[in-house]
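Trainee: Spelled out from the first residue to the last, the chains are:
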Amino acid sequence: MILYFLTLVLFVMGVYCLIAKKNIIKKIIGLTITDYAINLFIIIIGYRAKGIAPIMFKNMTIQELAEYGVDPLPQALVLTSIVIGLGVLSLMTSICLRLYEKYKTFDMSEINRLKG
Amino acid sequence: MTMQTTYPLFTALPLAAAFFNLLVTKINKKAADYIAFLAAGTLAVLAVLTVFEQPFAYRVGGFPAPWGILLVSDGLSSLMLVIVNVIAFLSIIYSIKYMTTYTAKPKYYSLFLLMLTGMNGVVITGDLFNIYVFLEIASIASYALVGFGCEHEELEASFKYLILGSVASTVILFGIAFLYSMTGTLNMPDLARQIEILGINKAVAFVIAMFIMGFGLKASTVPFHAWLPDAHPSAPAPISAMLSGVLIKAIGVYAIARIMFNVIGPNEAVSSILMFLGALSMVVGVFLAVGQSDFKRMLAYHSISQMGYVTLGLGLGLNPNVPPAIAAMGLFGGIYHMVNHAVFKSLLFLCSGSFEYRTGTRNRYEMGGLIRKMPVTSVTCSIASLSISGVPPFNGFWSKLIIIVALIQASYYVYGAIAVLVAFMTLLSFIKLQRFVLFGQLPARFANIKEAPFGMTFPLVVLAVLCIGLGLAYPFIDQSVLQAARDALLDKLSYMGYILGG
Chain A
1 MILYFLTLVL FVMGVYCLIA KKNIIKKIIG LTITDYAINL FIIIIGYRAK
51 GIAPIMFKNM TIQELAEYGV DPLPQALVLT SIVIGLGVLS LMTSICLRLY
101 EKYKTFDMSE INRLKG
Chain B
1 MTMQTTYPLF TALPLAAAFF NLLVTKINKK AADYIAFLAA GTLAVLAVLT
51 VFEQPFAYRV GGFPAPWGIL LVSDGLSSLM LVIVNVIAFL SIIYSIKYMT
101 TYTAKPKYYS LFLLMLTGMN GVVITGDLFN IYVFLEIASI ASYALVGFGC
151 EHEELEASFK YLILGSVAST VILFGIAFLY SMTGTLNMPD LARQIEILGI
201 NKAVAFVIAM FIMGFGLKAS TVPFHAWLPD AHPSAPAPIS AMLSGVLIKA
251 IGVYAIARIM FNVIGPNEAV SSILMFLGAL SMVVGVFLAV GQSDFKRMLA
301 YHSISQMGYV TLGLGLGLNP NVPPAIAAMG LFGGIYHMVN HAVFKSLLFL
351 CSGSFEYRTG TRNRYEMGGL IRKMPVTSVT CSIASLSISG VPPFNGFWSK
401 LIIIVALIQA SYYVYGAIAV LVAFMTLLSF IKLQRFVLFG QLPARFANIK
451 EAPFGMTFPL VVLAVLCIGL GLAYPFIDQS VLQAARDALL DKLSYMGYIL
501 GG
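Heads up: the sequence lines are chains A and B, in that order.
Counting in my numbering, the first sequence runs from 1 upward without gaps.
Counting in my numbering, the second sequence runs from 1 upward without gaps.
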């Protein structure tokens, strides 16, 4: 239970960073933290104390596998989600660099040409 | 039968085309146009063919259903496929000429095709995590396309859209993970069955809230709309047409509708939330639109407002306490309006692109009298304006009428009155647009402009014909694919049946 709570704390920290910080690099870091909080959450769903890889060996019974084998699906999901996160992160940083080239600043409050 | 084996092509073909596009253009610069044109054309033909198929489920890799990934084809997904692919095809035709003003055309086509992959994927899949993956493919491609011009405003809009869009995706992923931890499955027909057993407990309600926020942001319903008026006008015109015409429907409204109707099932609380958000979007969008001077920005605000009608119709259909016939009517109106909005909003954005291409400005107060210089673009623009403002006999009139009648019959008088008021405000706003852009005095510096080239006017004419056709065909539309789409949403039981595959 405490682990779930900690992921929530991480998530909230990320959201705070995203909302309160003006520097766009910090915003990107905040977004990445929220992303990782969710990834951690998915991993914890699949966690099992004393878990083993869900592979059926010769000396195992089906009951043993059902009792100790971890659910492999969350790990597959997390891998996908990490890769997607990487894609978003690289796009974010490249847009951020282009923004710096144009505006000569990382301060979001000075990047404000669009209004209304 | 043939469609069943070629169904995965809807994602595979644009994905492969996006990849080979970049390779081939290393050798031949001209090839990008042809590859994109052929890929989008093939997809449009395939999409039209799916309409004539019976509903089926395709098992990817042949795994049996709860474990493998399902692709589901029913009335709603084939309707969405037709909208997405036909409008994408027309936008590609338009891009061939329009995008010559930009550099790096092959990269543009690749991103376009990636976005198409994502949207098709969201529409055909029957797996919740797959929805997330395809939604991210479509979103990432659209973030890049919004900033494609790489000027100050475009980059800023793209960055805003990226931050908000990523928050939405994160929240959606959180909802999916939560649902998985409760039910142990991601297969949507299977989830529908599990939720039937669980009932709507607190955890499911939490997931619903996550999905409404996440997909609501993608569909830009009002409290989450801040990115849309920046992002949609900043993109190149064919992309604006895709974003406003198709993307917010495929990854926003379609996903909400599919999950709320087929997976979670009719629910009064969700229905009232959706209806409230819909009505709020309608009012806020239209009031902000009236004062805009930028042509495309005004259209973007109207997108928010028009999507409000769709959400309102869906919300009414989701209410279990309304008599089924009236709920079905509201839902039918919502789906019909979604199709109509796709047609006329993409037409309007393409028209704005043609005006910008020739005049070099988007400020509607600087234009004027263009009907004398650009007759085809102007006439199609008026047809679209009349459609969106709901003037009979154009298509927008019928769908708004159905939604309003359904609301009144279900005794939602306030929402009905709001819908009428918003229709009136929309008319006002578009009369103003016509007055400033099409009629009035032609500024001296536009004395020598010509009509847009054929490659750009052709898609406009096709879309305008669709606007009129969908309106005039109203008496026959009852037995059409729209009906199949509505029935697919209302029939949760047969959706659960897709788990058997076949």
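Source of the hints: derived by calculation from the structure; they are not laboratory data.
Warning: the hint list may mix true and false statements.
Stated by the list, open to error - Under the rule of at most 27 Å between Cα atoms (straight-line distance), these lysine-lysine pairs were calculated in the DSSO-like manner:
1. B:K450 <-> B:K432
2. A:K102 <-> B:K373
3. A:K102 <-> B:K450
4. B:K29 <-> B:K107
5. B:K97 <-> B:K202
6. B:K107 <-> B:K202
Claimed, not checked - Estimated spans, in silico, between C-beta atoms of each pair:
7. A:I25 <-> B:Q4: 48 to 58 Å
8. A:I44 <-> B:F424: 16 to 26 Å
9. A:M56 <-> B:G61: 15 to 25 Å
10. B:Y413 <-> A:S94: 45 to 55 Å
As the list claims (entries may be wrong) - Facing chain A, a subset of chain B residues (Cβ under 7 Å, in silico):
11. I140
12. H152
13. A157
14. S166
15. S181
All C-beta atoms in this analysis are idealised placements derived from N, C-alpha and C, irrespective of residue type, glycine included.
Trainee: Need the status of pair K29 of chain B, K107 of chain B: alpha-carbon distance at most 27 Å?
Mentor: holds (11 Å)
Trainee: Run the distance test for K450 of chain B versus K432 of chain B: straight-line Cα separation, threshold 27 Å.
Mentor: Judged against 27 Å, a Cα distance of about 24 Å means the pair holds.
Trainee: Tell me if the interface restraint on S181 of chain B is satisfied: Cβ within less than 7 Å of some Cβ in chain A.
Mentor: Hint on S181 of chain B: holds, closest Cβ of chain A at ~4 Å, below 7 Å.
Trainee: Using the Cβ atoms, figure out if Y413 of chain B sits within 45 to 55 Å of S94 of chain A.
Mentor: Roughly 51 Å apart at Cβ, these two residues keep to the hinted range, so it holds.
Trainee: For a C-alpha distance cap of 27 Å, please report whether K97 of chain B and K202 of chain B respect it.
Mentor: Given pair K97 of chain B, K202 of chain B is violated - Cα atoms ~53 Å apart, limit 27 Å.
Trainee: Given the proposed pairing of K107 of chain B with K202 of chain B, does the C-alpha separation stay at or below 27 Å?
Mentor: Given that 27 Å is the threshold and the Cα spacing comes to 46 Å, the pair is violated.
Trainee: Double-check I140 of chain B for me: the hint is only fine if its C-beta lies closer than 7 Å to a C-beta in chain A.
Mentor: holds (6 Å)
Trainee: Checking hints one by one. Is H152 of chain B an interface residue toward chain A, by the C-beta closer than 7 Å rule?
Mentor: holds (5 Å)
Trainee: Assess, step by step, whether the Cα of K102 of chain A is no farther than 27 Å from the Cα of K450 of chain B, and give holds or violated.
Mentor: Roughly 34 Å between the alpha carbons, so the hint for K102 of chain A and K450 of chain B is violated.
Trainee: For M56 of chain A and G61 of chain B, compare the CB-CB distance with the range 15 to 25 Å and indicate the outcome.
Mentor: For G61 of chain B against M56 of chain A, whose Cβ atoms are near 21 Å apart, the range 15 to 25 Å holds.
Trainee: If you draw a straight line from the CA of K102 of chain A to the CA of K373 of chain B, is it 27 Å or shorter?
Mentor: violated (36 Å)
Trainee: So the hint says 16 to 26 Å: do the beta-carbon atoms of I44 of chain A and F424 of chain B match that?
Mentor: Once the Cβ atoms are compared, 53 Å apart, the range 16 to 26 Å for F424 of chain B and I44 of chain A is violated.
The structure is inconsistent with the numbered hints 2, 3, 5, 6, 8, although it conforms to all the rest.
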